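Asks: Could you build the full structure based on these sequences and the hints that come with them?
Chains E and U, in that order, give the protein sequences.
Each residue of the first sequence is one higher than the last, beginning at 1 in UniProt numbering.
Each residue of the second sequence is one higher than the last, beginning at 1 in UniProt numbering.
If you are wondering where the hints come from, they were derived from the structure by calculation, not from laboratory data.
These figures come from a predicted structure and were not determined experimentally.
One should not assume that every hint holds.
What the hints assert, rightly or not - With a straight-line Cα cutoff of 30 Å, these simulated DSSO-like cross-link-like pairs (lysine-lysine) come out: (1) U/K400 - E/K305; (2) E/K51 - U/K62; (3) E/K293 - U/K347; (4) E/K208 - E/K223; (5) U/K143 - E/K371; (6) E/K396 - E/K305; (7) E/K330 - U/K79; (8) E/K32 - E/K414; (9) U/K444 - E/K339; (10) E/K330 - U/K455; (11) E/K45 - U/K65; (12) E/K371 - U/K79; (13) U/K400 - E/K330; (14) E/K166 - E/K416; (15) E/K179 - E/K166; (16) U/K143 - U/K168; (17) E/K250 - U/K426; (18) E/K322 - U/K347; (19) U/K143 - E/K56; (20) U/K62 - E/K305; (21) E/K396 - E/K414; (22) U/K400 - U/K322.
What the hints assert, rightly or not - Here are the in silico distance ranges between beta carbons for each label pair: (23) U/T423 - E/Y274: 17 to 27 Å; (24) E/S25 - U/T358: 53 to 63 Å; (25) E/G41 - U/T173: 50 to 60 Å; (26) U/K169 - E/K46: 27 to 37 Å; (27) E/R392 - U/K455: 41 to 51 Å; (28) U/T358 - E/D62: 48 to 58 Å; (29) E/K371 - U/K282: 51 to 61 Å; (30) E/Q335 - U/G452: 25 to 35 Å; (31) E/K293 - U/F181: 30 to 40 Å.
Here a beta-carbon is modelled for each residue, glycine too, at the ideal position from N, C-alpha and C.
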Amino acid sequence: MDLKEKLVSSFLAFENKGILDLDSSVHSIRTKAIQNFEKEGFPSKKDEEWKYTNLKPLLKHDFSLFSATEKSTGFKNIENYLINDIESYTLIFIDGVFSSFLSDTTHDDCDVCVLSSALNRPKYKMVVDNYFNTIAKNNNSLSELNTAFTKEGAFINIPKNTIVPKPIQILNFSTGSEKEILLQPRNLVVVGENSHVQIIERHQNLSKNTTLTNSVTEIFVHKRAIVDYYKIQNDTENSSLIDSTFVSQKQQSVASVHTYSFGGNITRNNLEFYHEGEHITTNLNGISILNGKQHVDNHTLVNHKFPNCESHELYKGIYADKSTGVFNGKVIVQQEAQKTNAFQQNNNILIDDGASINAKPQLEIFADDVKCSHGCTIGQLDESALFYMQSRGIPKKEAKALLLFAFGNDVVNKIKIPQLKTRITKLIAKNLGVNLGFEL
Amino acid sequence: MSKFTEDDLKKELETKEYEYGFYTNIEADKFPIGLSEEVVIAISKKKNEPEWMTLWRLEAFKIWKEMEEPDWANVNYEKPNFQDISYYSAPVQKKKLDSLDEVDPELLKTFAKLGISIDEQKRLSNVAVDIVIDSVSVATSFKKTLKEKGIIFMPISEAIQEHPELVKKYLGTIVPKTDNFYAALNSAVFSDGSFCYIPKGVTCPMELSTYFRINEGGTGQFERTLVIADEGSYVSYLEGCTAPARDENQLHAAVVELIALDDAEIKYSTVQNWFPGDKEGKGGVYNFVTKRGLCEKNAKISWTQVETGSAVTWKYPSCVLKGDNSVGEFYSIAVTNNHQQADTGTKMIHLGNNTRSTIISKGISAGHSQNSYRGLVQVGARANNARNFSQCDSLLMGNKCGAHTFPYIEAKNKTAQIEHEATTSKIGEDQLFYCNQRGIDTEKAIALIVNGFSKEVLNKLPMEFAVEAQKLLEISLEGSVG
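Replies: What follows is the structure, given as structure tokens:
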């Protein structure tokens, strides 16, 4: 039985397990989603959007859909993956199950809790009805699949005029209790007017077993709200991630999504922004530093629908060994979106012969009074700069690392949480295999 | 002088007609509509082709039947019905002509209207012209002068008779029959086209030129061009096209193959001005063209195109940089107005070491048109030190048109150096104001600015064409001030 059949046939069992009462509107959303998924199936390389990423070998695995044994893990095991030198709210999921013991939630000024309780409590019915699956739908079969199996994930609901005092960390761990597991976390983030929140998200495999995570996040940013969303992807070589993030922005809001891809088997990031008002700012930043046979595919879309908005996109990639990178950045400027400023930049360095990069920076423009540009480069380290450093006694390896570090630095500089910046800097240094001897 | 207002401009545009939209009443030998194996054989027979050629066509036809029409391009159009087209139409000629004096006077008048008086051209500009009307080559000038140098420049149908070894060796090697839907169709039914061979070490003393015209209604034009530049040779080749204004859509599916052997250089320029349809978007030519060139060691192929016509354009002149140190260039201006749609660009396939490619693409869209750049830069795993620079700029006039960029960049070699940049802009109000202030009216100012925008590409055209192209740009954009 292939994975698709398995998923479709286990849907009923999943529905009947009854964590949700069946009158819930969520029920019909899920049923519809599984129907859509059944129709579409998994994307193949024939799809233009999946031209450079082949899921086939991944789908051959016989994934368990639910963890049979609930396994907890000690704080000691996960400590390293937390950014623990800052105060923060934390939401920790072990094999897709929320661990209240390890987490630190709140309902005081804002709601930082889990989606399963939000789906079940009448108190949140309004929020769920208004937002759940409103921007993720009809996009691709994988997010439909996630919708069908929506069970658990982060639920963050920030009311008006609230500055969340500390960052929120969302961590998904898999313990290897099953040999091969498919996890489908679902996050919903609603940020009210004039509010501000910082969120850090990470997926981590604690064992050598195979995992596939198909995660969907919906983020709603209301008027004048500010959202910073950081994704850290530094997983083991047996872990694959398909992450779809959808952001809907109201007027004068600022949303920034930062993606740091340092590891994993296949990582696919779908990142989509939809504008629902004027004077919106959208920032997309990303660094990919890969080695081995890793594969990262960054697919971004910024859909400008209203006048006077801005988007800034900056993605950098460093590819070593036999790693492959894909960048597909799409910017659409609709007819009404006059005075749009949309900038996109993608720079790549190939370190080794086996590495490759496929880039497709795409612009679709229907309005005339706009400033839009994109730039894409693929190149090497500057030989003369390398020589200069070597001639001054810096070993080649370190010199190279310094140059690469500098190459990625303008993305790192966009991080607004100092502790996170330090962590990312260390991760980069580790990935480049050097001790830089300084911290930022 | 009264002020030239936008309304005046619009009026002028509406009344401005496609200059080349006339139809010449020449008796034509035209096949009944439809496509079948018999038709393919009949075309081949008509051309008196040897058996290998007939078989070649039949094989292509077989392949075509199994293919589906592609729809990935960013254009919308009603798919042509391939059984509604006549696949062969030729001006009736009594016998083979030796000199132009014997050409049908009606034909000569057509050329005069087109602005190509062959006689005049012969004397004034140093250009050898091959004229293809409704898929059949009707006149080739300067044959004798070329012959002295050993250059072969003749209709491809004659080349099949006279130089079968060359045709057999190269035809379909760069654009195979299986390449795509339209290339397969062309391979099966092409009726004529130009053939050009430049021998070793020869620099072609003049520009070679082909003029294409669709005259008959209900016909498709399928021409095939094959240019071979032998080692160390140089040739500059020009191509121009027009068609009468008709309500129905006409199909033009050409294949162009260029082969540049070691150290050779081919410069291929196109000014495409097929009938673009009226301002409602009715009629016009479907231009589905496959153009590709192969560069051997140290060879260079340069494509320059000015695309102003056609209702739908679907065209990607490409370079396969197979030999070490080979160079590929692509300079393009694509102008779309009214309801025109263009999906055009290039492919640069780097296979050899130290290969270089440059892409400069300028898109100008006005009216309700859609203009897309679609390009591929591919660096193979064994192509060391490949270098590419791409630039695609779009200019939008009015907010009902669209400009799109779909660049694909695939690098598999760490020494590859690739740069791609794209910008989209409009003609600035300040720029217009500056010109107005100095007494240049708006219309002229736009022409001036567009000219400046396109200069990089226009400069690459041979002199004779540059002037024409510049005028063409002005005409195409008249009245599109947004």
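Asks: None of the hints should be skipped; say for each whether it holds.
Replies: Now for the hints, and whether the structure bears them out:
1. U/K400 - E/K305: holds, 15 Å
2. E/K51 - U/K62: Since the Cα atoms of E/K51 and U/K62 sit roughly 29 Å apart, the hinted pair holds (cutoff 30 Å).
3. E/K293 - U/K347: holds, 28 Å
4. E/K208 - E/K223: With Cα atoms ~44 Å apart, E/K208 and E/K223 exceed 30 Å; violated.
5. U/K143 - E/K371: Between U/K143 and E/K371 the Cα gap is close to 52 Å, so the pair fails against 30 Å, i.e. violated.
6. E/K396 - E/K305: violated, 49 Å
7. E/K330 - U/K79: holds, 28 Å
8. E/K32 - E/K414: violated, 40 Å
9. U/K444 - E/K339: Distance of about 26 Å is within 30 Å: holds.
10. E/K330 - U/K455: Between E/K330 and U/K455 the Cα gap is close to 29 Å, so the pair holds against 30 Å.
11. E/K45 - U/K65: holds, 25 Å
12. E/K371 - U/K79: Violated - the C-alpha atoms of U/K79 and E/K371 are around 35 Å apart, more than 30 Å.
13. U/K400 - E/K330: Since the Cα atoms of U/K400 and E/K330 sit roughly 20 Å apart, the hinted pair holds (cutoff 30 Å).
14. E/K166 - E/K416: Judged against 30 Å, a Cα distance of about 12 Å means the pair holds.
15. E/K179 - E/K166: violated, 36 Å
16. U/K143 - U/K168: holds, 22 Å
17. E/K250 - U/K426: holds, 27 Å
18. E/K322 - U/K347: It holds: about 25 Å lies between the C-alpha atoms, which stays within 30 Å.
19. U/K143 - E/K56: Distance ~59 Å between U/K143 and E/K56 Cα, so the pair is violated.
20. U/K62 - E/K305: violated, 47 Å
21. E/K396 - E/K414: holds, 28 Å
22. U/K400 - U/K322: violated, 42 Å
23. U/T423 - E/Y274: 17 to 27 Å: This hint holds: roughly 24 Å between Cβ atoms.
24. E/S25 - U/T358: 53 to 63 Å: holds, 57 Å
25. E/G41 - U/T173: 50 to 60 Å: violated, 39 Å
26. U/K169 - E/K46: 27 to 37 Å: Check passed, 36 Å falls within 27 to 37 Å.
27. E/R392 - U/K455: 41 to 51 Å: The hint (41 to 51 Å, Cβ to Cβ) holds, given that E/R392 and U/K455 are roughly 45 Å apart.
28. U/T358 - E/D62: 48 to 58 Å: holds, 51 Å
29. E/K371 - U/K282: 51 to 61 Å: Violated, at about 35 Å.
30. E/Q335 - U/G452: 25 to 35 Å: With a Cβ separation near 27 Å, E/Q335 and U/G452 satisfy 25 to 35 Å, so the hint holds.
31. E/K293 - U/F181: 30 to 40 Å: holds, 36 Å
Against the hints set out earlier in the document, violations occur for numbers 4, 5, 6, 8, 12, 15, 19, 20, 22, 25 and 29.
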